[in-house]
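Asker: Each chain, letter by letter, is given below.
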Amino acid sequence: GAVVSQHPSWVICKSGTSVKIECRSLDFQATTMFWYRQFPKQSLMLMATSNEGSKATYEQGVEKDKFLINHASLTLSTLTVTSAHPEDSSFYICSARARQGGNTEAFFGQGTRLTVV
Amino acid sequence: RKEVEQDPGPFNVPEGATVAFNCTYSNSASQSFFWYRQDCRKEPKLLMSVYSSGNEDGRFTAQLNRASQYISLLIRDSKLSDSATYLCVVPRGGSQGNLIFGKGTKLSVKP
Numbered sequence: 179g180a181v182v183s184q185h186p187s188w189v190i191c192k193s194g195t196s197v198k199i200e201c202r203s204l205d206f207q208a209t210t211m212f213w214y215r216q217f218p219k220q221s222l223m224l225m226a227t228s229n230e231g232s233k234a235t236y237e238q239g240v241e242k243d244k245f246l247i248n249h250a251s252l253t254l255s256t257l258t259v260t261s262a263h264p265e266d267s268s269f270y271i272c273s274a275r276a277r278q279g280g281n282t283e284a285f286f287g288q289g290t291r292l293t294v295v
Numbered sequence: 012r013k014e015v016e017q018d019p020g021p022f023n024v025p026e027g028a029t030v031a032f033n034c035t036y037s038n039s040a041s042q043s044f045f046w047y048r049q050d051c052r053k054e055p056k057l058l059m060s061v062y063s064s065g066n067e068d069g070r071f072t073a074q075l076n077r078a079s080q081y082i083s084l085l086i087r088d089s090k091l092s093d094s095a096t097y098l099c100v101v102p103r104g105g106s107q108g109n110l111i112f113g114k115g116t117k118l119s120v121k122p
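Which chain is which? The protein sequence lines are A and B, in order.
Here my numbering is used: the first residue of the first sequence is 179, the next is one more, and so on.
Here my numbering is used: the first residue of the second sequence is 12, the next is one more, and so on.
Treat the hints as calculated values from the structure; they're not laboratory data.
Be a bit skeptical, because a hint or two may be false.
Straight-line distance between alpha carbons at most 30 angstroms, and here's what the computed BS3-like set of lysine-lysine pairs gives [as the list claims (entries may be wrong)]:
#1 B:117 / B:56
#2 A:244 / B:13
#3 A:244 / B:53
#4 A:242 / B:56
#5 A:242 / B:114
#6 B:53 / B:90
#7 A:242 / B:53
#8 A:244 / B:114
#9 A:233 / B:56
#10 A:219 / B:13
#11 B:121 / B:53
#12 A:198 / B:53
#13 B:114 / B:13
#14 A:219 / A:198
#15 A:242 / A:219
#16 A:219 / B:56
#17 B:114 / B:90
#18 A:219 / B:117
#19 A:192 / B:53
#20 A:198 / B:90
#21 A:233 / B:13
#22 A:219 / B:53
#23 B:117 / A:233
#24 B:56 / A:244
#25 A:242 / A:192
#26 A:244 / A:192
#27 B:121 / B:56
Could you build the full structure based on these sequences and the hints that come with them?
Answerer: Structural data, given as C-alpha cells:
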C-alpha cells in the first residue's frame with residue numbers, strides 16, 4: 179500500500195524554539211495532506227489541510243502564524259511549530275489520501291512526538 | 012449532534028467474546044465511512060471502509076444505517092491482539108474531504 183513517511187519521530191526542544199516536521203508521500207502524489215494533533219487519551223484533532231501550491235486551510239482555533247504549513251511539492255508538506263511552548267507538547271500526525279482502486283484511503287505518517295521543555 | 016460521536020468505552024472483554032461499537036455522525040450527505048485502529052503511541056491504520064450498507068472482513072463486520080446516521084463495528088471471537096483504540100472516521104464535505112475522527116473507543120481483550 180501507499181507509504182507516508184514522517185520525520186522526525188520524536189523531538190525534544192526548549193521553550194521558545196521552533197520545530198519543523200516533514201511529511202512525505204513516498205510512492206504517490208498527494209495534492210492534499212492533512213495535519214492532526216493528538217493529546218494523551220484524546221482523539222486526533224484536525225489542525226489544517228495542506229494544499230500543494232497554495233495556502234493551508236486551518237481549522238477553527240488553530241493559529242496559522244504559530245503552526246506554519248508549507249506544501250512545496252506533490253510529495254512533501256512541512257509543519258513548523260514556531261515559538262513552541264510546553265502546551266504544544268503533543269503527538270503530531272500527517273496523512274495523505276491516495277486512490278486505491280475505487281476507494282480513497284488515508285495513509286498516515288508514523289507521527290512525531292513533540293516534547294517542549 | 013457532534014460531527015462524529017462514538018461509544019465512550021473502555022470495553023473490557025474476555026478472549027473469544029463478541030463486542031460491538033457504535034458511531035453516530037451528523038452529516039447526512041456523508042457517503043463513505045471508515046474504521047481505523049490505533050495502537051498506543053502509534054499512527055492510525057485503516058481497518059475497514061464502509062460505502063454501502065456494510066462490509067465484512069473475517070471476524071470484523073461494519074454496518075451502516077443511513078436513516079439513523081450510525082455505523083457499527085462488530086468484532087467476533089476477540090483476540091488479545093485486538094486490544095486497541097478503534098476510531099470511527101467520516102469525511103467532511105464528500106469523499107475527498109478532510110477526515111474527521113471520533114474520540115475512539117478503547118478495547119481491552121483479557122485472557
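Asker: Please work out if residue 244 (chain A) and residue 53 (chain B) have their alpha carbons no farther apart than 30 angstroms.
Answerer: With a Cα-Cα distance of about 25 angstroms, the restraint between residue 244 (chain A) and residue 53 (chain B) holds, given a limit of 30 angstroms.
Asker: Next pair to validate is residue 219 (chain A) with residue 117 (chain B); report whether the Cα-Cα distance is within 30 angstroms.
Answerer: holds, 10 angstroms
Asker: Are the Cα positions of residue 242 (chain A) and residue 219 (chain A) separated by 30 angstroms at most?
Answerer: holds, 25 angstroms
Asker: Quick one, are residue 233 (chain A) and residue 13 (chain B) close enough, alpha carbons at most 30 angstroms?
Answerer: Status holds; Cα separation ~28 angstroms.
Asker: Between residue 198 (chain A) and residue 90 (chain B), is the straight-line Cα distance small enough, at 30 angstroms or below?
Answerer: Violated - the C-alpha atoms of residue 90 (chain B) and residue 198 (chain A) are around 39 angstroms apart, more than 30 angstroms.
Asker: Verify the proposed pairing of residue 219 (chain A) with residue 53 (chain B), using a straight-line Cα cut of 30 angstroms.
Answerer: holds, 12 angstroms
Asker: Are the Cα positions of residue 244 (chain A) and residue 192 (chain A) separated by 30 angstroms at most?
Answerer: holds, 16 angstroms
Asker: Would the pair residue 244 (chain A) and residue 13 (chain B) pass a check requiring their Cα atoms to be no farther apart than 30 angstroms?
Answerer: holds, 27 angstroms
Asker: Holds or violated: are the alpha carbons of residue 117 (chain B) and residue 56 (chain B) at most 30 angstroms from each other?
Answerer: Holds - the C-alpha atoms of residue 56 (chain B) and residue 117 (chain B) are around 15 angstroms apart, at most 30 angstroms.
Asker: Given the hinted pair residue 219 (chain A) and residue 56 (chain B), is their alpha-carbon gap at most 30 angstroms?
Answerer: holds, 17 angstroms
Asker: For the pair supplied as a hint, residue 233 (chain A) and residue 56 (chain B), confirm whether the alpha-carbon distance does not exceed 30 angstroms.
Answerer: Since the Cα atoms of residue 233 (chain A) and residue 56 (chain B) sit roughly 28 angstroms apart, the hinted pair holds (cutoff 30 angstroms).
Asker: Could you grab the alpha-carbon distance between residue 114 (chain B) and residue 13 (chain B) and see if it respects the 30 angstroms cut-off?
Answerer: With a Cα-Cα distance of about 11 angstroms, the restraint between residue 114 (chain B) and residue 13 (chain B) holds, given a limit of 30 angstroms.
The structure is inconsistent with the numbered hints 20 and 23, although it conforms to all the rest.
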